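Colleague: Residue strings, one per chain:
Protein chains: 2
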Amino acid sequence: MALQRSVAQGLNGHQLGHELFHDCSGEARPGVILFSTVMGVTDLERGFAERLVGLGYSVLVADLYGRRFASEQRGEAMAAMQALREDRAGLRERLVAVLGEARAQHEIDEKRVAAIGFCFGGQNVLDLARAGEDIAGVASFHGLLDPPGLAPQPIKTKVAAFHGWDDPLVPPEAVVALAAELTAAGCDWQIHAFGQVGHGFTNPGATGAMPGIKYDAATARRAWAACDGFLAECFA
Amino acid sequence: MALQRSVAQGLNGHQLGHELFHDCSGEARPGVILFSTVMGVTDLERGFAERLVGLGYSVLVADLYGRRFASEQRGEAMAAMQALREDRAGLRERLVAVLGEARAQHEIDEKRVAAIGFCFGGQNVLDLARAGEDIAGVASFHGLLDPPGLAPQPIKTKVAAFHGWDDPLVPPEAVVALAAELTAAGCDWQIHAFGQVGHGFTNPGATGAMPGIKYDAATARRAWAACDGFLAECFA
Chain A
18 MALQRSVAQG
28 LNGHQLGHEL
38 FHDCSGEARP
48 GVILFSTVMG
58 VTDLERGFAE
68 RLVGLGYSVL
78 VADLYGRRFA
88 SEQRGEAMAA
98 MQALREDRAG
108 LRERLVAVLG
118 EARAQHEIDE
128 KRVAAIGFCF
138 GGQNVLDLAR
148 AGEDIAGVAS
158 FHGLLDPPGL
168 APQPIKTKVA
178 AFHGWDDPLV
188 PPEAVVALAA
198 ELTAAGCDWQ
208 IHAFGQVGHG
218 FTNPGATGAM
228 PGIKYDAATA
238 RRAWAACDGF
248 LAECFA
Chain B
18 MALQRSVAQG
28 LNGHQLGHEL
38 FHDCSGEARP
48 GVILFSTVMG
58 VTDLERGFAE
68 RLVGLGYSVL
78 VADLYGRRFA
88 SEQRGEAMAA
98 MQALREDRAG
108 LRERLVAVLG
118 EARAQHEIDE
128 KRVAAIGFCF
138 GGQNVLDLAR
148 AGEDIAGVAS
158 FHGLLDPPGL
168 APQPIKTKVA
178 AFHGWDDPLV
188 PPEAVVALAA
198 ELTAAGCDWQ
208 IHAFGQVGHG
218 FTNPGATGAM
228 PGIKYDAATA
238 RRAWAACDGF
248 LAECFA
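Line order of the protein sequences matches chains A and B. Under our numbering, the letters of the first sequence match residues 18 to 253, in that order. Under our numbering, the letters of the second sequence match residues 18 to 253, in that order.
Isolated chain A (complex conformation) (with noise of 0.2 Å):
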């Protein structure tokens, strides 16, 4: 397992950056993009990616802020996070240089990239194939769901949604707005909704961050178990 840390780069004036998780081994690996929590990059998304690399995956951490974030700066990760949200158009140009950025990596298989996103960053994975990129699939874990208020463009990529249905950022009425729209798009969808589960079920530090945000072990799995599938028939 190997490790490789961008220095962030600027992009219309803002900073962008990534770590890069890849084996040992010199080859293109199917690659997964992954998008973080509002938290930014943290150890949460390195665990998860070394596990991917272990299912046989090149994993491009992506760095929207350009820093980093300590648990207690959750009001400034927002605040980062909300300047984001506010230029949604701005956001998809970011994250169509992103994919540009893990399709020029040596490790990774630029025929072969997905992405995978928490909370904002599963916002990210939606906007991404909003954007109609032809990627081989987003899975997005307990993701922002409202649509962009951009010109609707045909989805190319297969798409997959793990929600907790207790999720107050989340309510019913938006995911069936989300489902509307995707199949409006054309695309290959499917939402994998959890009774019981709240905001943040993949992340054992969220318990406790605000109302309705736990982490949820038995979801965590399913979900991921989902997403191990998901991301094999993407690649296939």
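None of these hints come from the bench; they were simulated from the model. Treat the numbers as computed from the prediction; the structure is a model and nothing was measured. Just so you know, even glycine gets a beta-carbon here, dropped at the ideal spot from N, CA and C. One or more hints might be untrue.
[Said to hold, decoys possible] Partial pick of chain B residues on the chain A-facing surface, computed with a CB cut under 10 Å:
#1 R85
#2 A87
#3 A196
#4 L199
#5 C204
#6 A242
#7 F252
For chain A, the structure is supplied; the task is to place chain B on it using the hints.
Modeller: Positioned in the frame of chain A, the structure of chain B alone reads:
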């Protein structure tokens, strides 16, 4: 592999029977009750049962009609289903009786019983859960979801549902209503929705039976993979 076919038994003036599929070990295995589509017990259900025996289960295919229908007898089968659906309390009694039958089989470990069902059978398994039965889990494939209109009871079993979002028999509001019902009933539930997919997606013979009913091989594979994981978790 062995097959035992029970003669139809009377229950409150109705016929009731089953076909039992099991290996030849003579051992009691975790039991899966399989409730069939509106067409009753056919080679579709027998094929599913044989695959599940290969996974280490004994499978009791329930026969709620006490008779068989040929594929051209769809109208008669629909009428038989409607007769059962018109008395959901009576139907519940029959479902609980089937559970008793399953537990009484030498080839089934009475403490480890789950139920799966398809279409009408997908509603049967939900009704068994709604009856408050303490079983390991129930899984519904393209099931009818409307509640029985009986007094709600706490649901003690894990529930999984696999649903084609374009199913003309089950609109989005019925899915949201099921989620609310299961949440209120306090159970561990998961609903897996698949886009661009209609009713009957596990059934190669379903295509053309009615508009919006169509076999979908990819979705069948996805739902079965999820169900296999679900059953393994239920019996762990």
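Colleague: Hint by hint, say whether it matches the structure.
Modeller: Outcome of the hint check:
At its closest, the beta carbon of B:R85 sits 35 Å from a beta carbon of chain A; the interface hint therefore is violated under the 10 Å criterion. Hint status for B:A87 relative to chain A: violated, with the closest Cβ pair at about 35 Å, above 10 Å. For B:A196, the shortest C-beta to C-beta distance to chain A is roughly 6 Å, which falls under 10 Å, so the interface hint holds. Interface restraint check for B:L199: the shortest CB-CB distance to chain A comes to about 5 Å, inside 10 Å, so the restraint holds.
Annotation: B:C204 was flagged as interfacial toward chain A, and the flag holds, the nearest CB pair being 7 Å apart, inside 10 Å. With 10 Å as the threshold, the beta carbon of B:A242 comes within range of chain A, its nearest partner Cβ sitting at about 6 Å, so the hint holds. For the restraint placing B:F252 at the interface with chain A, the shortest Cβ-Cβ distance is roughly 15 Å, beyond the 10 Å limit, so the hint is violated.
Hint compliance for this structure: hints 1, 2, 7 are broken, all remaining hints hold.
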